[in-house]
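Here the structure of chain A is known, so what remains is to put chain B with the ligands in place on it, guided by the hints.
Going line by line, the protein sequences match chains A and B. Under the numbering used here, think of the first position of the first sequence as 1, with each following residue one higher. Under the numbering used here, think of the first position of the second sequence as 1001, with each following residue one higher.
Possibly wrong hints are sitting among the right ones.
[Stated by the list, open to error] If the Cβ cut is set under 8 Å, some of the chain A residues that face chain B in the computed set are:
hint, residue
1, D3
2, V5
3, M33
4, G60
5, T62
6, V67
7, R71
[As the list claims (entries may be wrong)] Here are some chain A residues the structure puts well away from chain B; computed CB gaps all over 12 Å:
hint, residue
8, F16
9, K77
10, M90
11, P113
12, D120
13, G131
[What the hints assert, rightly or not] Simulated pairs of lysine-lysine, DSS-like, Cα-Cα distance not exceeding 25 Å:
hint, chain 1, residue 1, chain 2, residue 2
14, B, K1043, A, K27
15, B, K1040, A, K28
16, B, K1276, A, K27
17, A, K28, B, K1348
18, B, K1276, A, K28
19, B, K1380, A, K28
20, B, K1380, B, K1401
21, B, K1133, A, K27
22, A, K77, A, K27
23, B, K1376, A, K27
24, A, K77, B, K1376
25, B, K1380, A, K77
26, B, K1043, B, K1204
27, A, K28, B, K1401
Just so you know, these hints were derived from the structure itself, not from any lab. Beta carbons are placed, not taken as given, at the ideal position from N, Cα and C, and that holds for glycine.
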Amino acid sequence: MADSVNFHFDIDGDNFTSAGEASVMIKKLLRQMEFSPDVIRRVSVAMYEGEINMVIHANGGTADVNVFCDRIEIVLKDNGPGIADVRLAMQEGYSTAPDNIRSLGFGAGMGLPNMKRYTDDMRIESEVGRGTTIYMTVNV
Amino acid sequence: MSIKKHSVTLDVSRCKGCTNCIKRCPTEAIRVRDGHATIKEDKCIDCGECIRLCPYQAKKATYDVLEDFASYKYKIALPAPALYGQFEELEDVDEILTALLECGFDAVFEVSRAAEMITEYTRRYLKRDDIVKPVISSACPAIVRLISLRFSYLCENLLPIMPPIEYAARIARSEALKDNPELTDSDICVLFISPCPAKVSYVKNPLGVASSAVNGALSVNDMYFKIRAKRKEIKNPLPLSKSGIIGLNWAGTGGEATSLFSDKYLAADGIENCIKVLDQIDNGTIHNLEFIELNACNGGCVGGALNVENPYIAKARLRSLRKYLPVSRNRIENGGDELPSDVMLDEKIADSYSQNISFDRLEAIKRMSETEDIYKRLPKIDCGSCGAPNCHALAEDIINKEADETDCLIRLRESRAGGDAEND
Ligand SMILES: Nc1ncnc2c1ncn2[C@@H]1O[C@H](COP(=O)(O)OP(=O)(O)O)[C@@H](O)[C@H]1O
Ligand code: SF4
Ligand SMILES: [Mg+2]
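Just chain A, with the same shape it has in the complex:
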């Protein structure tokens, strides 16, 4: 029997208003599994930022969350433009978000840094023109 459970989400890049829904779903599911509020908060913030990024910067993608007793693994995958300079993108305040997105309160350039801060492990694989995959782990 499986000792983990996988939840798969398609993140729709054309529907900005639904951005963030997967992270809400995950929060609910983690609550059913009675993870601590701290773990739930870290997973949902990291997931939320990644989800929003895929919608704003990469026209959508997929999110896979694997829940184990001792850790939660998140894989965010898109076929967007990729990130040319990952180190630069990781800097606080760096953002290429367009103005119309900024007026909604996004584009503060804190997404990737927060994903790093809230997770125990984060790895970015990105290729310009092909897409980005981000692996994150939150230990319980």
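For chain B with the ligands alone, coordinates are given in the frame of chain A:
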């Protein structure tokens, strides 16, 4: 916390198995199996949605009747303020209260009076700095049960002060004992006149108190006709009412919240809207709110499934009734910001899961994983023809061994087409 006795029940002989109710049940508590509905006792919150929408009147609310309590020496009626909105051309609440005495009660105590006191105590509670905000009203029992079932992490936010019905019953009892020294507590019977099945259920399964001071719950629609008949005979109503505007306002949405004199509130009604609000509290999209009032019924208690009148008409009537009334007639002058222990709930309203007692996370993960595996095989069209409200609920039922994958007509067809390969 599990409910021993529900108010909402099914009349199997009337049920056509149409599946109308299963999709609209806010806690997914109804299934149609063997051609008729069944209600899952552990999930039903007695909100009364299914009573309102069943086209065949197969869902009904059970409640007590006055005659059941004939043996008590002293009977006190606790009318909910929604009751007053049921009567046409009512000039004065006293007419209804006097008619209640004529119906056989020895005393009346308006729940709206206790509501005015609870309002005052809630204002005091909100001033404390050691509380979890937004504070969510605990007055609607359907909402409290919904929170404990589906939003258990918000139990901390529930107002830990007695709902008006409970506080009214306690004051009414002690007043009766004081006024009638010959009585003992067991001679007294307190009967609530309920606008909804949720409060009938509350009386049988109280929330946050070890036992309720209310002995039984009659229904507004049952009492309506009795009161109407007596009302005609009354020439001079007795001056019994002691409620003000605030107390009467509790009958409708916003009545409780607006009386707190803070503009940092939200008041919602209708179970679907309430669920959306509860979802949002967590998303951080509701900022800076101090108080959230949630009413399971449209319009608030005037919209309860046991009323006779349309909620909006009842609300309009209450509006003219409260004209020229003092703002509140049950002020609590002394005590500063103190919260007396007799208004506080005896126990925390906890979630209904077996939290921390026997929870096995690995087991939960395995079950979820199996549920997801089954769910992946289902058509995900949420047609409801299996008798479950959606494909995911069917997957859960299958894991709980309450249903079979072939209850899904599409899966059944597939397994037949595949030579019954999976049906061994
Ligand atoms: N999935 C992605 N695909 C392409 N570019 C991305 C992606 N995620 C982040 N970026 C780039 O990294 C930058 C910084 O991201 P982030 O820290 O989340 O800030 P913000 O989203 O506010 O711009 C973005 O402005 C964007 O240029
Ligand atoms: S709505 Fe529900 S209770 Fe009413 S007939 Fe249909 S299945 Fe039966
Ligand atoms: Mg971002």
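Hints, verified against the model:
1. D3: Result: holds, 6 Å to nearest chain B Cβ.
2. V5: At about 4 Å, which falls below the 8 Å cut-off, the nearest Cβ of chain B leaves the hint on V5(A) intact, so it holds.
3. M33: Interface hint status for M33(A): holds (5 Å vs cutoff 8 Å).
4. G60: For G60(A), the interface hint is violated, since the closest Cβ of chain B sits about 20 Å away, which is over 8 Å.
5. T62: Hint on T62(A): violated, closest Cβ of chain B at ~15 Å, above 8 Å.
6. V67: Result: holds, 6 Å to nearest chain B Cβ.
7. R71: violated (12 Å)
8. F16: Since the minimum Cβ distance to chain B is about 15 Å, F16(A) lies beyond 12 Å and the statement holds.
9. K77: Correct as stated: the minimum Cβ-Cβ distance to chain B is 19 Å, above 12 Å.
10. M90: holds (24 Å)
11. P113: holds (19 Å)
12. D120: D120(A) clear of chain B: closest Cβ-Cβ about 18 Å, beyond 12 Å.
13. G131: Fine: 25 Å to the nearest Cβ keeps G131(A) off the interface.
14. K1043(B) x K27(A): holds (21 Å)
15. K1040(B) x K28(A): holds (22 Å)
16. K1276(B) x K27(A): Status holds; Cα separation ~15 Å.
17. K28(A) x K1348(B): At roughly 23 Å apart (the allowed maximum being 25 Å), K1348(B) and K28(A) satisfy the hint.
18. K1276(B) x K28(A): Holds, at roughly 14 Å.
19. K1380(B) x K28(A): holds (20 Å)
20. K1380(B) x K1401(B): Since the Cα atoms of K1380(B) and K1401(B) sit roughly 20 Å apart, the hinted pair holds (cutoff 25 Å).
21. K1133(B) x K27(A): holds (20 Å)
22. K77(A) x K27(A): holds (20 Å)
23. K1376(B) x K27(A): holds (21 Å)
24. K77(A) x K1376(B): Cα-Cα ~21 Å, so holds.
25. K1380(B) x K77(A): holds (24 Å)
26. K1043(B) x K1204(B): Measuring from Cα to Cα gives roughly 16 Å; hence the hint holds.
27. K28(A) x K1401(B): holds (24 Å)
In summary, the numbered hints that this structure violates are 4, 5, 7.
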